[in-house]
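**Student:** Just so you know, the protein sequences line up as chains A and B, in that order.
Residues in the first sequence are numbered from 871 upward in steps of one, following the working numbering.
Residues in the second sequence are numbered from 871 upward in steps of one, following the working numbering.
It should be emphasised that the hints constitute simulated quantities derived from the structure, not laboratory data.
Check the hints yourself; a few may be wrong.
No copy is singled out in the list; a pair is fine if it fits within one copy or between any two copies.
[Said to hold, decoys possible] Listed next, the in silico SDA-like pairs over lysine to any residue satisfying Cα-Cα at most 25 Å (straight line):
id: 1; residue 1: K1259; residue 2: R1175
id: 2; residue 1: K1242; residue 2: L1218
id: 3; residue 1: K892; residue 2: R941
id: 4; residue 1: K1162; residue 2: D1189
Number of protein chains: 2
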Amino acid sequence: MKIVISMEMEDNKLKNIENILKEVLKNIKPSKEEMERLQKMANTIIKEIWNIVKENNYPVLDVLLVGSSARNTNLKDDYDIDIFILFDKKVSEDELESIGLDIGVKVIEKLNGFYEINYASHPYVKGKVDRYDVDIVPCYKINFGEKIISAVDRTPLHHKFLKDRLNEKLCDEVRLLKAFLKSLGLYGSDVKTKGFSGYLCELLILHYKSFINLLKDVQNWKLKKIIILDDIFKLYENVDIKNLKKFDNSLVVYDPVDLNRNVASPLSKENYCKFIFYSQRFLKNPSIEFFKDYKEKINKILEDREHGYRLVLKIPRKDVVDDIIYPQMEKLQKSINKIIAKNEFVILESKCFADDNYCYLYWEFLVYKLPKVALREGPEIFKKERVEKFLKKYEKVFIKNCKLFAYTERKYCHIIDLFKDIVNGNLQNISIPKYVDPKKGEIEELSNYG
Amino acid sequence: MKIVISMEMEDNKLKNIENILKEVLKNIKPSKEEMERLQKMANTIIKEIWNIVKENNYPVLDVLLVGSSARNTNLKDDYDIDIFILFDKKVSEDELESIGLDIGVKVIEKLNGFYEINYASHPYVKGKVDRYDVDIVPCYKINFGEKIISAVDRTPLHHKFLKDRLNEKLCDEVRLLKAFLKSLGLYGSDVKTKGFSGYLCELLILHYKSFINLLKDVQNWKLKKIIILDDIFKLYENVDIKNLKKFDNSLVVYDPVDLNRNVASPLSKENYCKFIFYSQRFLKNPSIEFFKDYKEKINKILEDREHGYRLVLKIPRKDVVDDIIYPQMEKLQKSINKIIAKNEFVILESKCFADDNYCYLYWEFLVYKLPKVALREGPEIFKKERVEKFLKKYEKVFIKNCKLFAYTERKYCHIIDLFKDIVNGNLQNISIPKYVDPKKGEIEELSNYG
């Protein structure tokens, strides 16, 4: 009896979830018109590219619309058009670069758009035409199984792999997953987000067939979860799981196009855990709220509280992209956190972000003020050599629990004095990254608790 | 060559130490006159006891001067006279008690002294005659190897064991050890001191032959050091070390009079370590200072520093002896320390002592003030049941390092508010001992650092 009731409940919950997902899909799926408009623009661009190729007799083999918009897995109001120009492998990298840029610039100009040159594996044109963000990327045409020359060469292969396998239903499931992750701040494989790439979302849905199936399985995920798509066993002969490359990531999803690559490697352990946790939460208490900027809601709840002493280290931003500035900010903050802990202050929260002009390193403290006296723990009294060393260093020594301890004086009684020394460059043992120099920073106190 | 030099240095150091000990002995050994005066007083008392015994026809078998003064191992200005009255085992305990008290009272009155009744295994008379502290203790006469009836019955056996083995030289070595320990605050087996008893000192010197030999061996002592006197193998047949009673003490010295007793059991681990450490120090840098109230000197050095926030909980003392009040104070302080730690305040030092009128529980804090916000660490997100429990308890939940954390509000932002609740009886989970009730206490702030 109990099982029947529980199954009924399960049924009800499932229906509830299905209704929620239907509602979500309405909000996130681009309209037919939107998709047609995008397709039209893409066709125009591709046609123009071919014109330029012919005019100049460029050695181009193919021009491809790739990315989520090409695969029908894009979210509403996503105006990204990714076009790859495929070259023969005989073309030199220099030639590929210069022809790629030439075509990109000419096309965007022809369509009265704006552009800039961006850098991935090699430079490419990033243009704006009407409302659309148009990437025009040159790459080599590589056949499945062949060695790639630059990282972007994989993209057409990814595209073909997915295009052959996704159908309308699966595409919608991909959209649900993307929307869920986006709302939780977990969508994007850039170094700032450290989340799920679009390609990873598509592979996960291919593997689990639906968003809900995925979420159900996620309930049992632990650290070092490994996913090998069935297709991999079809595509490759004699795949031996034991001999696959090992990765030290929380989630490992082998790239069907390149078994030596983990598609989930940009995903941080923290975000992996968040995904598991909020999947649990959604299945337990299904609600459309999970798809509506849920991260913001959580943050509001978390910040609606009393705070400890807070300060911000504000450092003028150098003209470098997020992908460079974020790892450096994080590294600097980690290095400062070590110094803070060594000086016995206690951090409640630390985080960093950057806008166009500044890097902001933020701290909230549980303990930010300490008496002049400090306690140093020494060796056990039985460790003769270490005892002698300790006694040479300290004078006010006593014994507790078979160990030596010493009273000494601390350098910083208030956390702000430590930060002043950071800004003044008086602190050793701090690793200063190239583009985020704390010596150019200023300290701002956010509150004066206490 | 190197070895020769080092041996020479060793020789020099040894000579230096010998000179120091000679000097110490001059200061601590009672003069011949002092010893004779004490002996005379003891003889007078013993004579008077025999008179009373004969007058009343009491069933007394022997009257013995015991203790350090009887064995010539006492320190200068030690005016203790311990006299044991030995009864036949056929005498009932009630009779032994009443006769013992009767004799004690009559003797002290006869000699125009003052007395009180003290309690050890049974009541006995503690008198003051001239400058002398005179204990008159009744006990059963037990032969070596026989079962004792009360703990004090061992004393005459201890006395005989030592008397047969100590000579003038060894007695002086005992005095040196006692003086060393006294200066370090490690002499005395009462529950307040938790140090070395006089009997333990005598056994250690019997075993090691000299103070310096003992100290040299102490360099290699670790926790759970076991000492079995050679005499034990002579006194008992077929002693099997493996079958001796096991003790869970830092130092184990088998009582030759009772192998089921560890003479060093009152010694705390902390004091055991202190003995080892200061033995190291003395051998490393020999100085007469180690014999001159060294503990006081260390304390002065330790206290000559800035302090954290300090407070004292002052509780009126009930009319009970140190042996009862100290363990209870320590138990109460331990219990309060747990509550302090649970509330995230950080103790730098805590200690307690009592005078005639009050118990003083003292604390010094590194962290005594905290913001309203508190952080609770929860389970790993993978532990589903514990996750649900945590979420029921807390609202402001986030994920860090695969674990749940929650912001919540703390009860006490200042340590004094916690102590106010202790004094007001508002605090649960505090174990209140019979004779030290914090609800009768008052809080005194010693400094207002910060």
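**Student:** Please go over all the hints and tell whether each is borne out by the structure.
**Tutor:** The hints, checked one at a time:
no., hint, in the structure
1, K1259 - R1175, "between (47 Å within a copy, 22 Å between copies)"
2, K1242 - L1218, "both (22 Å within a copy, 12 Å between copies)"
3, K892 - R941, "within (21 Å within a copy, 98 Å between copies)"
4, K1162 - D1189, "neither (33 Å within a copy, 70 Å between copies)"
The earlier numbered hint that this structure contradicts is number 4, and it is the only one.
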